[in-house]
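Protein sequence lines, in the order shown, are assigned to chains F and Y.
Just so we're aligned, residue 272 is where the first sequence starts under our numbering, counting upward by one.
Just so we're aligned, residue 3 is where the second sequence starts under our numbering, counting upward by one.
By construction, these hints were calculated from the structure, which means they are not laboratory data.
Just so you know, not all the hints are guaranteed correct.
To be verified - As a list, the in silico EDC-like pairs of lysine to aspartate or glutamate whose alpha-carbon atoms are at most 20 Å apart:
no.: 1; chain 1: Y; residue 1: K82; chain 2: Y; residue 2: E17
no.: 2; chain 1: F; residue 1: K621; chain 2: Y; residue 2: E12
no.: 3; chain 1: F; residue 1: K323; chain 2: F; residue 2: E376
no.: 4; chain 1: F; residue 1: K500; chain 2: F; residue 2: E298
no.: 5; chain 1: F; residue 1: K621; chain 2: Y; residue 2: D40
no.: 6; chain 1: F; residue 1: K537; chain 2: F; residue 2: D566
One-letter residues, chain by chain:
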Amino acid sequence: MRYSGLRVIREGLFGNKGWRPAWREPEPKAEYDVVIIGGGGHGLSTAYYLAKNHGITNVAVLEKGYLGGGNVGRNTTIVRANYFLQGNSEFYSHSLKLWEGLEAELNYNVMHSQRGLINLFHSDGQRDAFVRRGNSMVNQGDDAILLDREGVREHLPYLDFEQTRFPIYGGLYHPRGGTARHDAVAWGYARGADSRGVDLIQNCEVTGIDIEHGRVRGVQTSRGPIRAKKVAMIVAGRSGQVAAMAGMRLPVESHILQAFVTEGLKPCIDHVISFGMGHFYISQSDKGGLVFGGDLDFYASYAQRGNLPMVEHVMEAGMTLMPMIGRAKVLRSWGGIMDMTPDGSPIIDKTPVEGLFLDCGWNYGGFKAVPASGWCMAHLVATGESHAVARRFTLDRFATGHLLDEEGTGSQHNLH
Amino acid sequence: MRITCPLCGERDRREFYYYGADDYLRRPGEGAAPEAWDSYLHLRDNPAGITRDLWHHEMGCSAWLVVERSTITHEIRSVKLVSDVQEGGK
Numbered sequence: 272m273r274y275s276g277l278r279v280i281r282e283g284l285f286g287n288k289g290w291r292p293a294w295r296e297p298e299p300k301a302e303y304d305v306v307i308i309g310g311g312g313h314g315l316s317t318a319y320y321l322a323k324n325h326g327i328t329n330v331a332v333l334e335k336g337y338l339g340g341g342n343v344g345r346n347t348t349i350v351r352a353n354y355f356l357q358g359n360s361e362f363y364s365h366s367l368k369l370w371e372g373l374e375a376e377l378n379y380n381v382m383h384s385q386r387g388l389i390n391l392f393h394s395d396g397q398r399d400a401f402v403r404r405g406n407s408m409v410n411q412g413d414d415a416i417l418l419d420r421e422g423v424r425e426h427l428p429y430l431d432f433e434q435t436r437f438p439i440y441g442g443l444y445h446p447r448g449g450t451a452r453h454d455a456v457a458w459g460y461a462r463g464a465d466s467r468g469v470d471l472i473q474n475c476e477v478t479g480i481d482i483e484h485g486r487v488r489g490v491q492t493s494r495g496p497i498r499a500k501k502v503a504m505i506v507a508g509r510s511g512q513v514a515a516m517a518g519m520r521l522p523v524e525s526h527i528l529q530a531f532v533t534e535g536l537k538p539c540i541d542h543v544i545s546f547g548m549g550h551f552y553i554s555q556s557d558k559g560g561l562v563f564g565g566d567l568d569f570y571a572s573y574a575q576r577g578n579l580p581m582v583e584h585v586m587e588a589g590m591t592l593m594p595m596i597g598r599a600k601v602l603r604s605w606g607g608i609m610d611m612t613p614d615g616s617p618i619i620d621k622t623p624v625e626g627l628f629l630d631c632g633w634n635y636g637g638f639k640a641v642p643a644s645g646w647c648m649a650h651l652v653a654t655g656e657s658h659a660v661a662r663r664f665t666l667d668r669f670a671t672g673h674l675l676d677e678e679g680t681g682s683q684h685n686l687h
Numbered sequence: 003m004r005i006t007c008p009l010c011g012e013r014d015r016r017e018f019y020y021y022g023a024d025d026y027l028r029r030p031g032e033g034a035a036p037e038a039w040d041s042y043l044h045l046r047d048n049p050a051g052i053t054r055d056l057w058h059h060e061m062g063c064s065a066w067l068v069v070e071r072s073t074i075t076h077e078i079r080s081v082k083l084v085s086d087v088q089e090g091g092k
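Please work from the sequences and hints to get the whole structure.
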């Protein structure tokens, strides 16, 4: 069923009786060409592009919970392409271009809003680093504008510019950055994949990966065995456990990252603002809630909730930056499980097992990567070759020393 | 989360710095192969369950600790000094 304004009017006139579920609830078949483990944003977009770009439609997405129940519904919805390093820069640039056409592509309103992202800086040294980053973004073909303090003030008059700890010197403005409705991204890709014949199978937990003579043969699941010619592991924070089923040990440590939302307020924050020195970033949802987050809780965790010290730290950072939010009531907080790698960059690669592929290690940055991750993973699974914009995201780069440490913070998993 | 330092007693989590899994205690020897260094620095069991982590009592006695902890519930099972764990060789 195609969605359109006309359709809404027509359904309204006829009692809304014509709407159909956005995807089927199929029983798993005995065999597929490709089985994707994980029905989150990346798994669903991979399924979609396998069908759309490569004509591979005999595909199942196996999700142990419900579609989009993990990190794709647990993030702060920021979409941006402001990376510096070659290897990252072209990938996120590609992703942002896919975002810009996503609603037309999926015939689904993902509420992509390019409201502009401003990264604040607080010292001369940081300004120099941001100039360099901005030039790198422009060279990549994306947009970056350096704002001085008055330039930031024009956009964000409500910030506390004179705060004693981190006075604001200026900001790097990325006008094409913004936000999207996170659940809708999962649902849009799910609907698109389903309509092209992909089976989306929920409440189906993978309990084993069958490997014979170094080649993948299928998976064992809570709903019985499923044979597959190729298997893709796309399970974010649970990558360690799933890869262990294939006898692999990954360069990943799972950490908890919290996020928060306030009660709905009238429009007051028009941009996405990132305050790196305070580990704080914020935007306002279309519903009016202030959506904000901070840094990891810093210890390995699979609990989808965090501890109070980081809650306190994030609130303090928010109050330092914009005291005006002090009267807003926090409505909810939650945690997502981040698959942290030792260099802060992801992995989209083959594994030592023939026919078994891996997409993981998205650290904090998985949401904006959903379209390009699916695009490149589908390319890899279909052709056996890395896509040009994802060729640096190899699994063996840690062993060979070809790290992609965007922030230059070192080899500890939790420092990125 | 509160951690009971063997030297200082029960303290708030904020006094401690998390370093990583206790793989860091098993540093390869000088002549070790690159794979051993990759494993030591990067690869992790990353268990969903009981883990053994290295913590530093940064704001207290500055001891390095091995903390046995559940990554599911954040329950802490035991806390030992690294010097005790490593006594008698690796």
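*20 Å limit on alpha-carbon distance, applied to hinted pair K500(F) and E298(F)*: 19 Å, holds
*Agreement of K621(F) and E12(Y) with the hint, judged by alpha carbon distance not exceeding 20 Å*: Cα-Cα ~46 Å, so violated.
*Could you grab the alpha-carbon distance between K82(Y) and E17(Y) and see if it respects the 20 Å cut-off?*
Status holds; Cα separation ~16 Å.
*Would you mind confirming whether the straight-line C-alpha gap from K323(F) to E376(F) stays at or under 20 Å?*
10 Å, holds
_With the threshold set at 20 Å, check whether the alpha-carbon distance from K621(F) to D40(Y) stays at or below it._
The hint holds at about 18 Å.
*If you draw a straight line from the CA of K537(F) to the CA of D566(F), is it 20 Å or shorter?*
Answer violated: K537(F) to D566(F) is near 27 Å, above 20 Å.
In this structure, the earlier hints numbered 2 and 6 are contradicted, and the remaining ones agree with it.
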